[in-house]
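J.: Residue numbers (the numbering used here), protein chains in the order written: chain H, 1 to 665; chain A, 666 to 982; chain B, 983 to 1465; chain G, 1466 to 1685.
A portion of the hints provided could be inaccurate.
Between beta-carbon pairs, the in silico distance windows are [what the hints assert, rightly or not]:
#, chain 1, residue 1, chain 2, residue 2, range
1, A, Glu924, H, Thr569, 58 to 64 Å
2, H, Leu59, B, Ala1455, 21 to 27 Å
3, H, Leu59, B, Leu989, 53 to 59 Å
To list a few chain G residues with every Cβ distance to chain B over 10 Å, as calculated [to be verified]:
#, residue
4, Ala1480
5, Met1487
6, Tyr1517
7, Thr1584
8, Val1602
Hints are computed from structural coordinates only; laboratory data are not their basis.
We put the beta carbon where it would ideally sit given N, CA and C, even for glycine.
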Amino acid sequence: MPLYLALVCVGGLIGVSSLPIYKRETAGVAELIYRLCLGISALLFVAAIIPRGANALDLTLPLGLPWIGMRLHLDALTAFFLAVVNLGGATASVYAIGYGAHVSNPVRVAAFYAAFLAGMNLVVLAADAYTFLVAWEFMSLASWALVLTHHHDAENRRASYIYLLMASFGALALLMAFGVLGGVSGAYDFASIREAPRDSWQTGLVLALVLLGAGSKAGLAPLHVWLPLAHPAAPSHVSALMSGVMTKVAIYGFIRIVFDLLGPPAFWWSIEPMTFGAISAVIAILFATLQSDLKKLLAYSTIENIGVIFIGLGLSLAFKANGMLVPAAVAFSAALFHIFNHSLFKSLLFFGAGAVLTATGERNIERLGGLIHSMPKTAFLFLGGCFAIAALPPLNGFVSEWLMFQAILLSPTMPQWILKLLVPAVGVALALSAALGASCYVRAYGVAFLGRPRSDEAREAKEVDQWSLGAMSFLLGLSLTAGLLPGFFIDTISPVAKAFIGGRMPAQNEVGWLSIAPVAESRSSYNGMLVFVLIVASAWAARWLIYKYWSGATRRAPAWDCGYIEPSTATQYTGSSFAQPIRRTLGVIAFSARERLDMPLPGETRAARFSVQIQDRIFNFLYLPITSAVARISNWLNALNFLSIQEYLGLVFAALVLLLVGVAR
Amino acid sequence: MTIIFDLFAQILQMALVLLAAPLLIGFVRKVKAHLLRRQGPPIVQPWRDLLRLLRKETVLAENASWFYRAAPYFIFATTWVAASLTPTFENGLMFSWAADLIAIIALLGSARFLLALAGMDVGTSFGGIGSSREAMFGSLAEPATIMIVFTVSLVAGSTQLSEIASYMLAHSELRVSVGMALIALLIVAIAENGRVPVDNPATHLELTMVHEAMILEYSGRHLALIELASALKLLLYISLIDCMFFPWGMAPHGAGVVEMATGGVAFVFKLAVAGVLLAVFETSTAKMRVFRVPDFLGAGLMLGLLATLLVFVTRSL
Amino acid sequence: MSSNLLLISNALVSVPAAAACVLAFQTDYRRSAQINLAASGVTFLFALTLLLTGPENGTYLFVDDLNIVFIILSTFVGFTTSIFSASYIGHEIDTGKLTSANVRFYHAMYQALMCSMNLALLAANIGLMWVAVEIATLSTVLMVGLYRTPHALEAAWKYFILGSVGIALALFGTILVYMGAQPVLGEGYDGMVWTSLMQHASQFNPRMLNVAFVFLMLGYGTKVGLAPMHAWLPDAHAEGPTPISAVLSGLLLNVALHAVLRFKMLLAANAAAITPGPLMITLGLASLIFAAFMLYRRDDIKRLFAYSSIEHMGIIAFAFGVGGPLANFAGLMHMAMHSLTKSAIFFAVGHIAQVKGTQKIADIRGLTESHPALGWGLVAGVVAIVGLPPLGVFMSEFLVVSSTFAQQPLLAIPLVFGLLVAFGAILLRLIGMAFGEATESKESAVKASLVPLYAHLALVLLAGLYLPPHLVAWFQNVARLLG
Amino acid sequence: MEHLSLDIAQLLAGALVLVSFMLLYQDRLQGLINIFALHAFVLTLSVAWQAYIQHAPHLYVTAGIALIFKALVIPISLRTIIKRLRIHRTVEMIGGVGVTMLIGIFLTALSLVVMLPATASADPLAREDIAFALAIVLLGLLMMVTRRNAVSQIIGFMSLENGLILAAAGANGMPLVVEISVAFSVLIAFIIIGVFLFRIRERFDTVDLYHLDRVRGERN
């Protein structure tokens, strides 16, 4: 029943996306589409959470690959991701009802938006390789069209190009992986793939290919270059979906293949996800810290979080391979919980960035500032998002990081040497990325929302509409709930862990006082609710006492600033100056940051200039050689386009003689 | 009955840390003054300052926002909660399961996050400078702390502070990894509390300030809360070190009044020792340049990582 | 040998032949366009009736499962192209690029081409097939040179010379096949008839067949547009009238491919002969990768898609070369999808070149804004041709890549590499043309016929999502025949 | 008798290969046309001899076509064309005569190596014939590759076709279809080439393909 409901809903989404074909010029079509999307997403969410019993639901439609059909299923993992996707989809739709009107060409965006949602839902529902890949690529294609919304900007066109190219690369990698999985006979449905026996070189190959395929879509480190270009280029509600939800769908692909289809894991499976996850987390957050484009910053931070999730998944694989089922479940639950959490607060932050963009027309934080005065509600909600994503208690980001740390602390008993060396390093990376994440968001929030306005646009900003605020408030509320009552969410995830790991964490509703305890209370526990209550109570008590017994008097005066404040807002600390210490200490290694100072000699009247050059080393070492090689080869081969007829005949002749010689042998 | 007793102990702990923190600051100042052959203010001077600040009218910068006004309360509350959950005289506080070691570190992170943001609110250059440096120090200190936590928790088999303390009490043996962790934690503690050589709590020389720069615009009750929070933080770090490495004399969970009193005395003694050591250390070193601090903290981070690796590798031997 | 069947296959050849004769004397271009359309439509309808009758043999013409696929596809694309051609040629007359004498010639040749292609597909005899391919070549040569510009003449000349050499090599191969068959089948007609050849293939002298296949592969491969023999293809596509580009890519290449496949089956039936697979794989991969790199430097829109045809022919040859039920199925599917998609793209491109007044890619921008129907049509076509779902090409590429990778991973890697390189090139150009600020249009009032474009795309979309079981069973049967 | 007929057939086929070499060697246009006429004449003889020994009267038709069209009509018309175009001058070659001849010898050897084992079971008459035919085809192709002038390329192509006819004639009992098609194609080919030469003449000063290549689109 829920599967049929889901299917009908996906069909509905596709129908909605074709709405503009019938009602082309009608005003309000975009809003209608968003409202419909909201309704359908809500229904799909319901379909995900309807109790289904322990078994997976299956359905075969006579579509797709003829001899296999279009297989769909709904099991615990699918249900979880279905919930994540549609929670994101529903809130983004609410947001878009208000925000969508500000986007250029709203109807086009709305149509592709619906298609995008349909694609993401279908990926999760698919139960055969063909349907999976069709949905996967359809999702890429629809989002590609969305990235091209502002196609007049050459930068966006380039972003869309790199995006689709990388997506295609990933899809081809997955395709090859399914080729191995399906075997020579072409049994591409998941049920037969699960059953098929496999050599270890085949599993290794599949693992590498899946990491390339799903990793490139999720934005894992060396394959991430498209993400910070493409996500910001789309309208903000789409960016939110891409960052918050689509990357999760990519991770779904990884989990589905590696945890489900590939059979019982070996310990070395965990090495790649953990290594690349750790590299992604650190590199990406460093880049995020240096970004001055708010949406780009958020996109880089998405990569960081994807890295964190992959670390969790890798750990889980390692535990599972060693038969440590409860720790495996802890790591797996941590990853899933982080997936859920990240989808919440990343959407929230992108909505906030969109609100700022609507209000000021600016994405560059160096031209913002002081928005807390003009858009107090957005500022509050964005602050909440920053708090959550910076992994600070009592919000939800912390809980999943905490679980991740707990999982790491369970790992020293694993016998493999390589893991003994790798896991602590991964732990450092995790801790470092969390700490850098906090600095990154201090900078983002502090420069964009606090201080004095750096431009007229920022000064004259207006609070955004109720729909947008509503969507953001909902997400913040949910983040807070997940932070305060994590036990409830972990218990909800448990069936997934049970089904895919074989073990599960202890039921958290049996732990007293709404605490969570991953293994045993004596080992570690955390109670977000109590911490939150204590903090609020003591803050409130402090205020109450001070106002009652001492002084509540307040006077406004010019800022002190050691005696004199320069009225020009340019004297404030900027985003790039804020990042300077981090750039100096860590930047040289990570992105060959070069500072150039052009100081006029005494007596000269020209202005001094300071410029910083940041290069993406991965881009320089991995991508530039490829592009230049392609260019060189195509230039070189291009000479073949301008031969004379004799020379072409010569080619034919040579081929003929060669083949004859071959045959004569 | 036990619950009431536990609650009482918990409240006592909360009150104790609150009371003791400014006194600790006063004590360190006093020792430093003595070392410099000065008389120095009395130990209760920080409390006097705080009360005076609380009584005063608060002057707000013209463009300070609601965030600026709310932040001090939350900075104080967060630090206080963290400090109250760290065992001082009694092991196994009532609420100790609410936040383990990692959560306590993260709570301090929350406080830092708020403080750094508050520094940027008015839009002055000094606030920015302070926040920026604080953010950098934090980015290195926090992972170092986590690594130290890893080491200690792996040795003790728990991240719960009370469990760690009882383990350490029961197995007082020398371990290289734990020693390294201790050194790393000392480094981190110095940096986190803005002590010499990382920052000078007494300075008001603009370009060298970190902590002081962030709170430059604060006054009155707000300033009092922030100062109190930073005092609490110093106390918290000393209690952490005590609890993880020197838990001697701490009363076990459910102990009687006498044991608790002994624990209290032991704690005060340990505070005093730490204060003296800190004062001696501060007077004998000079503040380092800001860009040397990452090296200093990096050393802490590396030590922490090394300690963790050691624990990991030796686990199966 | 049912008589109505022969009627149909005869009609498939004679209807276009008769139409060609009528059109040769029809001066009014509007009328001749209508006749052209009607003749193509009737031919298509006749082809459809083949579905109802089964495979049968005639003396000169025969129908089996393999050529039904080709003939239906061919007549369908011929029919839709004639619709497109009507509006395209109308515009060319209006702008004075073509005279009515040219057009008379064009229409006659169009039907002659259809006639010869149907003949080549239906021929029961390797000699007759060769003759038909020869006629098809000659008629397209004449059409490529239709505009009489230096470029067009040069393209036609190059096409003619390379095509003639190819056809000569194919003839030599044909003679060799006969000589190989002659000791077994005796002198006379039997030695050239497909059915008897296939029956006795196992007894033929394998070395003779090997040499013959080298010539046939290179000879007909020239017409397929495989790599070292491809040189005529881009110029012929770019300089001729666009309907002819569509027919060339969509049909003529398939007809030549059909010939190659027939001979491949012959060789496969003889166990001692070389397996034709590796040769086809090599040529296919060479075409794919070479064309993929060539795509980057193209600045003419029609040349771009011509190179893309080379690329896809490479993929198809590769798939058939790999063989096995999955890869052969994929090859057939890819061939059908490529025909439909590529001709759809040329329909779009033809009108785009007319509205923009240029074929230079750099001068075409922002099509989705200035001409949404054409622009999105182009986007959809290109999305289809680069193998993105949910369109049909994806299904065939899915099957080619996955089945190859399961069997021979090392072969799949260059395949995937080529696909990606080509994807990058075409996508780059597409984004440039379809998006951005629109460039000025020369002609705003082109009455574009969008029906064939969108009809093809709809079919391709349908194929990507749903293949009727009958069609599948039929394709699978053919795939099994191909070995 | 059997042996003698075989010898004569071989002799004629061998002569055809020899004339192909002469074509390859000849560097003046006028001479080239003359030798091509000779080529066609030897072909006529060869086909006629095949007709005689195979008792296949239809091959006489092929021989007749070869004689009339290739040995007479085409050389005469080509001569008028080159007169009208005023190109009696020397033909340029690529790679020099010596190398070309060496390659030609290699190709002849190759065709023997390829064909003789392949036709082991076939009629000995056909064996030699087909091997020489392959040699002629390859030499014709070689000529097309090495010559720059359109007229000599056409001659190369026609010598290639002569090789095909020789092969077809040598294949015992090959149905008439082939002869007709060959004749047909030669006819069409000639007409087309004529048309093209005419058109090309209209636009260019010379038929030299080198100049034709210059006007390629897309050269940038």
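J.: Next step is simple, just say for each hint if it's right about the structure.
T.: Consistency of the hints with the structure:
In this structure the hint that Glu924/A and Thr569/H lie 58 to 64 Å apart at CB holds, the actual value being about 60 Å. Under the hint 21 to 27 Å, the C-beta atoms of Leu59/H and Ala1455/B, about 24 Å apart, fit the expected range. In this structure, Leu59/H and Leu989/B break the distance hint of 53 to 59 Å, their C-beta atoms being roughly 47 Å apart. Distance check on Ala1480/G: its Cβ is at least 20 Å (rounded) from any Cβ of chain B, clearing the 10 Å threshold; non-interface status holds.
At roughly 21 Å from the closest C-beta of chain B, the C-beta of Met1487/G stays outside 10 Å, upholding its exclusion from the interface. No beta-carbon of chain B is positioned within 10 Å of the beta-carbon of Tyr1517/G; the least distance is around 17 Å. The Cβ of Thr1584/G sits about 6 Å from the closest Cβ of chain B, inside the 10 Å cut-off, so the non-interface label is violated. The non-interface label for Val1602/G is inconsistent with chain B: the shortest C-beta to C-beta separation is roughly 6 Å, within 10 Å.
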